[in-house]
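J.: The chain contents come next:
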Amino acid sequence: GAVVSQHPSWVICKSGTSVKIECRSLDFQATTMFWYRQFPKQSLMLMATSNEGSKATYEQGVEKDKFLINHASLTLSTLTVTSAHPEDSSFYICSALTGFVHNEQFFGPGTRLTVL
Amino acid sequence: ELKVEQNPLFLSMQEGKNYTIYCNYSTTSDRLYWYRQDPGKSLESLFVLLSNGAVKQEGRLMASLDTKARLSTLHITAAVHDLSATYFCAVDSSGSARQLTFGSGTQLTVLP
Numbered sequence: 295g296a297v298v299s300q301h302p303s304w305v306i307c308k309s310g311t312s313v314k315i316e317c318r319s320l321d322f323q324a325t326t327m328f329w330y331r332q333f334p335k336q337s338l339m340l341m342a343t344s345n346e347g348s349k350a351t352y353e354q355g356v357e358k359d360k361f362l363i364n365h366a367s368l369t370l371s372t373l374t375v376t377s378a379h380p381e382d383s384s385f386y387i388c389s390a391l392t393g394f395v396h397n398e399q400f401f402g403p404g405t406r407l408t409v410l
Numbered sequence: 577e578l579k580v581e582q583n584p585l586f587l588s589m590q591e592g593k594n595y596t597i598y599c600n601y602s603t604t605s606d607r608l609y610w611y612r613q614d615p616g617k618s619l620e621s622l623f624v625l626l627s628n629g630a631v632k633q634e635g636r637l638m639a640s641l642d643t644k645a646r647l648s649t650l651h652i653t654a655a656v657h658d659l660s661a662t663y664f665c666a667v668d669s670s671g672s673a674r675q676l677t678f679g680s681g682t683q684l685t686v687l688p
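As they're listed, the protein sequences go chains A and B. Numbered according to my numbering, the first sequence terminates at residue 410, and the numbering increases by one at each position without gaps. Numbered according to my numbering, the second sequence terminates at residue 688, and the numbering increases by one at each position without gaps.
What the hints contain is simulated information worked out from the structure, not anything from laboratory work. Where a beta carbon is used, it is the ideal one built from N, C-alpha and C, also for glycine. Hints are supplied without guarantee of correctness; some may be wrong.
A few chain B residues that face chain A, going by a derived Cβ cut-off under 7 Å, partial list only [what the hints assert, rightly or not]:
no.	residue
1	SER618
2	LEU619
3	SER672
4	ALA673
5	PHE678
6	SER680
7	GLY681
Pulled out of the complex, with its shape left as it was, chain A reads as follows (with noise of 0.2 Å):
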């Protein structure tokens, strides 16, 4: 149980342009998901909290109009990296709260995004 799954694995798109990244709980209903930006060869850095209804919360430094979230349903929760640029590119993981017994983070695949 508690497989998230991210679509798409990975993307390239040019300078400018818009990409959207999903991130599903396959098999459990996640009021709250995370987006998390991770670039080479370092940890992981909160992006944002999104819940399920309602606006994401962002983290402090990370631009709400630039990463679009959206939750609209208790399994899918979705990034939108707005006029995207070079430095944008990095490694987006989302994870689902599971709220089962002890409540922990799932994390999906991940999504390879380069920006050309």
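Fit chain B to the supplied structure of chain A, relying on the hints for placement.
T.: This is chain B only, laid out in the frame that chain A set:
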């Protein structure tokens, strides 16, 4: 602000040897997680430590948590090549897994 420090950052060891990775954190928390990440992949949950004195073991890995010392350790016994990966600890400052702060990671290479 919660700070989580892992050391070492890089570790190269021979197969068959033992070693310990340390994770220190700066504020009170009694929930800590250990993850493994292979190159180009996402995180795989290894251990969930939920109380002071918690010790968990899986195969050649054993994790422990000392909340008073604000320290967790990941001990590797008789390392094998398959353990080569990056290991992260993450401290939960919310008490409900809603706020994880990750350490910088330890890149482990096990040499034949």
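J.: Does the structure break any of the earlier hints, and which numbers would those be?
T.: Checked against the structure, no hint fails, so every one of them is satisfied.
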